[in-house]
Amino acid sequence: MNPHLNPPKFGKPKLFDREPLFEELIKRGQPTWAKQLRDICNQRLTTEAHGNMPRWTKAWQDLPEAASGTLKIASDAVYVDGTCALSHQEIQQLLMQFHPWRKGPFNFFGMRIDTEWRSDFKWERFADEIDFAGKLVLDVGCGNGYYGWRMIDAGAEMVLGCDPFPLYQMQFEVFRRYAQPPQRHFLLPIADHELPTGLHLFDLTLSMGVLYHRTSPIDHLQTLWQTLKPGGQLVLETLIIETLSTAVLVPEDRYAKMRNVWFIPSLSMLELWLRRSGFTDIATIDVSKTTTAEQRKTAWMTFESLEDFLERAASPHTHCRKTVEGYPAPVRAIVSAKRK
Numbered sequence: 001m002n003p004h005l006n007p008p009k010f011g012k013p014k015l016f017d018r019e020p021l022f023e024e025l026i027k028r029g030q031p032t033w034a035k036q037l038r039d040i041c042n043q044r045l046t047t048e049a050h051g052n053m054p055r056w057t058k059a060w061q062d063l064p065e066a067a068s069g070t071l072k073i074a075s076d077a078v079y080v081d082g083t084c085a086l087s088h089q090e091i092q093q094l095l096m097q098f099h100p101w102r103k104g105p106f107n108f109f110g111m112r113i114d115t116e117w118r119s120d121f122k123w124e125r126f127a128d129e130i131d132f133a134g135k136l137v138l139d140v141g142c143g144n145g146y147y148g149w150r151m152i153d154a155g156a157e158m159v160l161g162c163d164p165f166p167l168y169q170m171q172f173e174v175f176r177r178y179a180q181p182p183q184r185h186f187l188l189p190i191a192d193h194e195l196p197t198g199l200h201l202f203d204l205t206l207s208m209g210v211l212y213h214r215t216s217p218i219d220h221l222q223t224l225w226q227t228l229k230p231g232g233q234l235v236l237e238t239l240i241i242e243t244l245s246t247a248v249l250v251p252e253d254r255y256a257k258m259r260n261v262w263f264i265p266s267l268s269m270l271e272l273w274l275r276r277s278g279f280t281d282i283a284t285i286d287v288s289k290t291t292t293a294e295q296r297k298t299a300w301m302t303f304e305s306l307e308d309f310l311e312r313a314a315s316p317h318t319h320c321r322k323t324v325e326g327y328p329a330p331v332r333a334i335v336s337a338k339r340k
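Just so we're aligned, residue 1 is where the sequence shown starts under this note's numbering, counting upward by one.
The hints are simulated quantities; they were obtained by calculation from the structure and are not laboratory data. Being a predicted model, the structure only gives us computed values, none of them experimental. A virtual CB, placed ideally from N, CA and C, is assigned to each residue, including glycine. Any given hint could turn out to be false.
[As the list claims (entries may be wrong)] Label-pair distances were calculated between CB atoms; the ranges are:
1) Met96 to Gly326: 27 to 37 Å
2) Gln93 to Ala283: 39 to 49 Å
3) Thr284 to Ala67: 39 to 49 Å
4) Arg321 to Pro31: 44 to 54 Å
5) Arg321 to Ser245: 21 to 31 Å
6) Leu272 to Gln92: 43 to 53 Å
7) Asp17 to Gly198: 45 to 55 Å
8) Thr302 to Gln43: 26 to 36 Å
9) Ser245 to Pro181: 45 to 55 Å
Please work from the sequences and hints to get the whole structure.
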């Protein structure tokens, strides 16, 4: 357990408090970016910014007091340990205000949030291969911050996540409420294309599940390159196609019912893209098929999930299923690369 996750408690938590981050960026020679981010947060993290924000804010305010819980990491889950006066039914009603819960799992005062994705499966695939100790980390497309908490626990000095979806900001705030100062994990309501050019700030940048959503994968990789210090490391996770050739799949319309999937490369094509974008020391950490054990519908995510995105199995023993559109079923690769 990283001692930075739970230092002594003090102060009352504030919703969307990002001031410690802006102060840290100024100390690190980024006053212009700090001002830009402060302005963005003031615009996007308000009750007027999203129709559900008043309801989400009320639910956040009704959560147990921060002093009643402590944020911890144990086994597969990020959890809040402690006691509170609310019943499990009351806790569930509050947390379901933030439905759907896609990345996790989490545990909140003894109530397990069984998220759509078992994100701990992916974490186990790459965590032992990456040194997080003392690192300044950027997590692009971070969702609700599950991986950021795991990275803080693994020794990261600070984690800055970027995700434009307001619901993920709120889910992050549910758990940040119980992470005692000094703050070391932050989420910003921005997308990767809003990152400044020539940043050269981070020791480690992660992009997991973003590349195939971009109309220009090379632009995305070049953006990631510019976030890193010389010698910095990229961890990239993306859909791939299984072929030895240097090839790319471009879906005609949807892929696994997703409209915003543009380019799914083979591993060799992905490596070529990385080299053309200025990366070296490219290494494959893991290649895994996505299964319904890892991504599935749950009581905490009641919409369609992987089982609905694949063609109906001919028999219980069918392993080579395709997507409903007839494309190869999802296979994901995790690769590491360095910036010179």
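Against the structure, the hints come out as follows:
For methionine 96 paired with glycine 326, a C-beta distance near 36 Å keeps the hint of 27 to 37 Å intact. Evaluation of the 39 to 49 Å hint for glutamine 93 and alanine 283 yields a pass: the beta carbon distance comes to about 46 Å. Checked against the hint of 39 to 49 Å, the pair threonine 284 and alanine 67 passes, with Cβ atoms roughly 46 Å apart. Separation of arginine 321 from proline 31 is about 52 Å and conforms to the stated range, judged on CB atoms against 44 to 54 Å.
Between arginine 321 and serine 245 the C-beta distance comes to about 23 Å, which sits within the given range of 21 to 31 Å. One distance hint, 43 to 53 Å for the beta-carbon pair leucine 272 and glutamine 92, holds here, with the actual separation near 48 Å. In this structure the supplied range 45 to 55 Å is violated for aspartate 17 paired with glycine 198, their Cβ-Cβ distance being about 28 Å. Our hint of 26 to 36 Å for threonine 302 and glutamine 43 holds, since their Cβ atoms are close to 31 Å apart.
For the pair serine 245 and proline 181, the supplied restraint of 45 to 55 Å holds, since their beta-carbon distance comes to about 52 Å.
Violated hint: 7 only; the structure is consistent with all others.
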